[in-house]
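Now for the letters of each chain:
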Amino acid sequence: MAKRKSDVGTLYKGSPGQWSWLLHRITGVAVILFLFAHVVDTAVVGWGPEAYNRVISVYHNWFVQLLELGLVAAVLYHAINGVKIMLFDFWPASARRMKPIALASSLIFVAAMIPITILMGKSILESAGVI
Amino acid sequence: MAVQAPERPVPPSQGGFQGLRGRERPMGGFELWSWLFMRISGLVLLVLAVGHVLIMHVLDGGVERVNFGFVATRWQSPFWRTWDWALLVLALIHGINGLRVIVQDYVKWPGVRFAVDMAFFVIGFGLFVLGTVVVFTFDASQWPGTT
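Just so you know, the protein sequences line up as chains Z and B, in that order.
Under the working numbering, the first residue of the first sequence is numbered 174, with each subsequent residue one higher.
Under the working numbering, the first residue of the second sequence is numbered 9, with each subsequent residue one higher.
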């Protein structure tokens, strides 16, 4: 006898928002953990040019710049998905269009990441000595 | 002929919605204020954090051009000092409150939960003090010729 789709489906699929919920958490945690380090590295500016320029030179390493691209993506995803959450919260009727709105917010994120990846990618390749 | 299973309403906790009442939200007290703060600070951070990231990390050469002289010139403007300080404060509170919400989900033992929350709170407060002192006391004239 065939399994009923509704029973199996809900078990594995969860809710349609589960992936954006998970990504919202992961990007949020990533950004706050980076912020902990970033406040400290920026504070070194109070100890003068020699100390600060030595610390900031870490960001000129190509691998760190690759992580930096990930950081920008995390901030942007968290921001755009946050707007989507607020839309559903403060304009409940929009929740009836949950799927197209979720798709639209993903598309906005991807569209924004294209020029950002090109700009930062150029800088990464330069730091790595490829171009 | 396929039998269509009757559609069951998805509870709000699983991403469903009930009529026009919208998503689940806290009923009141501290958690409601926390819920509201995350949304209001989120809107402000949409400008402050996304703007910061685009200006400092993406446009005009990104972080490649950032050095002591860059910061010294930038912080001659009270506008950028205020922006950076507001970003520091809101991002710390928003982020650490976010960690608190996540800890509620994954750390069930009250003692450990309290300890983890306190650790994040202490780190956040320490960084708030450090960042505030540096943003408002930084004086590039201590190092002549750097701007």
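Fair warning: there could be bad hints in the mix.
For each label pair, taking beta carbons as the anchor points, the in silico distance ranges come out as [what the hints assert, rightly or not]:
no.	chain 1	residue 1	chain 2	residue 2	range
1	B	Met35	Z	Asn226	46 to 54 Å
2	Z	Ile291	B	Gln84	12 to 20 Å
3	B	Val52	Z	Val283	21 to 29 Å
4	Z	Gln191	B	Met35	37 to 45 Å
5	Z	Thr290	B	Leu40	33 to 41 Å
6	Z	Gly294	B	Trp43	34 to 42 Å
7	Z	Lys272	B	Asp147	48 to 56 Å
Hint data in this document are derived by calculation from the structure and do not stem from the laboratory.
Here the structure is a predicted model, which means the values were calculated and not measured.
Note that beta-carbon positions come from the ideal geometry of N, C-alpha and C, so glycine has one too.
Structure-based check of all given hints:
no.: 1; hint: B/Met35 to Z/Asn226: 46 to 54 Å; result: holds (52 Å)
no.: 2; hint: Z/Ile291 to B/Gln84: 12 to 20 Å; result: violated (32 Å)
no.: 3; hint: B/Val52 to Z/Val283: 21 to 29 Å; result: holds (25 Å)
no.: 4; hint: Z/Gln191 to B/Met35: 37 to 45 Å; result: violated (24 Å)
no.: 5; hint: Z/Thr290 to B/Leu40: 33 to 41 Å; result: holds (39 Å)
no.: 6; hint: Z/Gly294 to B/Trp43: 34 to 42 Å; result: holds (38 Å)
no.: 7; hint: Z/Lys272 to B/Asp147: 48 to 56 Å; result: holds (54 Å)
In this structure, the hints that do not hold are numbers 2, 4, in rising order.
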